[in-house]
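As numbered in the numbering used here, the sequence shown has no gaps in its residue numbers, which increase by one up to the final residue, 130.
One should not assume that every hint holds.
[As the list claims (entries may be wrong)] Label pairs and their calculated CB-CB ranges:
#: 1; residue 1: Ser4; residue 2: Glu32; range: 15 to 25 Å
#: 2; residue 1: Pro107; residue 2: Ser18; range: 20 to 30 Å
#: 3; residue 1: Leu40; residue 2: Ala116; range: 30 to 40 Å
#: 4; residue 1: Phe6; residue 2: Ala89; range: 13 to 23 Å
#: 5; residue 1: Phe6; residue 2: Glu30; range: 32 to 42 Å
#: 6; residue 1: Asp77; residue 2: Glu30; range: 44 to 54 Å
#: 7; residue 1: Ala58; residue 2: Val7; range: 18 to 28 Å
#: 8; residue 1: Arg60; residue 2: Val100; range: 22 to 32 Å
#: 9; residue 1: Lys129; residue 2: Gly105; range: 43 to 53 Å
[What the hints assert, rightly or not] Derived SDA-like pairs (lysine to any residue); straight-line CA-CA distance at most 20 Å:
#: 10; residue 1: Lys129; residue 2: Asp77
#: 11; residue 1: Lys129; residue 2: Pro59
#: 12; residue 1: Lys129; residue 2: Ile10
Keep in mind that the hints were calculated from the coordinates and are not lab data.
We put the beta carbon where it would ideally sit given N, CA and C, even for glycine.
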Amino acid sequence: MKDSLFVPRILWAALFASTLVYLFVLEVVELEACSSWETLLHPFALAAVTTAGASLMAPRMMPKRGASDTSTVTTHDGAYLTMLIVALALAESVAIFGLVLGFLGAPAIVVVPFFALAWILMILRFPTKD
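Please model the complete structure; the sequences and the hints are all you need to start from.
Put into C-alpha cells, the structure is as follows:
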C-alpha cells in the first residue's frame with residue numbers, strides 16, 4: 001500500500017462519523033422529556049471523564065511489541081491499529097453517554113459537551129506520520 005496512513009485514517013473517519021450520526025439521530029427522533037436524565041447526569045459525567053482518561057492513557061498502557069528493529073514498525077502495523085481502535089472506541093463511548101442522556105430527554109446544553117469531549121479526544125488521535 002502506498003500510503004501507510006490510509007487504513008488508520010479510514011478507521012478514524014468511520015468512528016468520528018458515527019458520533020455525527022448519533023447527534024443527527026438525536027435531532028431527528030422526537031423524544032418525550034422525562035426527569036430520569038437528571039438522576040443519571042452525574043454518574044454519566046463521571047463515567048465520561050474516566051473513559052476520557054482511559055482513552056488518553058490506554059495507548060501508553062498497551063504492551064509494546066518487542067521488535068528488534070523499531071524502524072520497521074509502520075502505522076498499519078497491527079499493534080498501532082489496535083491502539084488506535086481502543087483509543088477511538090473509548091472516545092466514542094463518551095459520545096454514547098451523551099446520546100443516552102439525549103434519549104432520556106436531556107437538553108442540548110447537557111448533551112453537546114459529551115460529544116465535544118469525544119470529538120476532542122478523537123482529533124487528538126488523528127493518524128499522522130509522527
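Hints, one by one, checked against the model:
Between Ser4 and Glu32 the C-beta distance comes to about 48 Å, which lies outside the given range of 15 to 25 Å. About 23 Å separates the C-beta atoms of Pro107 and Ser18, a value consistent with the hinted range of 20 to 30 Å. In this structure the supplied range 30 to 40 Å is violated for Leu40 paired with Ala116, their Cβ-Cβ distance being about 19 Å. For Phe6 and Ala89, the hinted distance range of 13 to 23 Å is satisfied, since their beta carbons lie about 20 Å from each other.
Take Phe6 and Glu30: their Cβ atoms lie about 40 Å apart, and the range 32 to 42 Å holds. The hint said 44 to 54 Å for the Cβ distance between Asp77 and Glu30, and at roughly 46 Å that hint holds. Taking 18 to 28 Å as the suggested C-beta distance range, the pair Ala58 and Val7 conforms, at roughly 20 Å. Taking the beta carbon of each, Arg60 and Val100 are about 28 Å apart, inside 22 to 32 Å as hinted.
A hinted range of 43 to 53 Å holds for the C-beta pair Lys129 and Gly105, which are about 44 Å apart. The hinted pair formed by Lys129 and Asp77 meets the criterion: a straight-line CA distance of about 13 Å does not exceed 20 Å. For the proposed pair Lys129 and Pro59, the alpha carbon gap of about 16 Å is at most 20 Å, so the pair holds. The straight-line distance between the Cα atoms of Lys129 and Ile10 is roughly 15 Å, inside the 20 Å bound, and the hint therefore holds.
The earlier numbered hints that this structure contradicts are 1 and 3.
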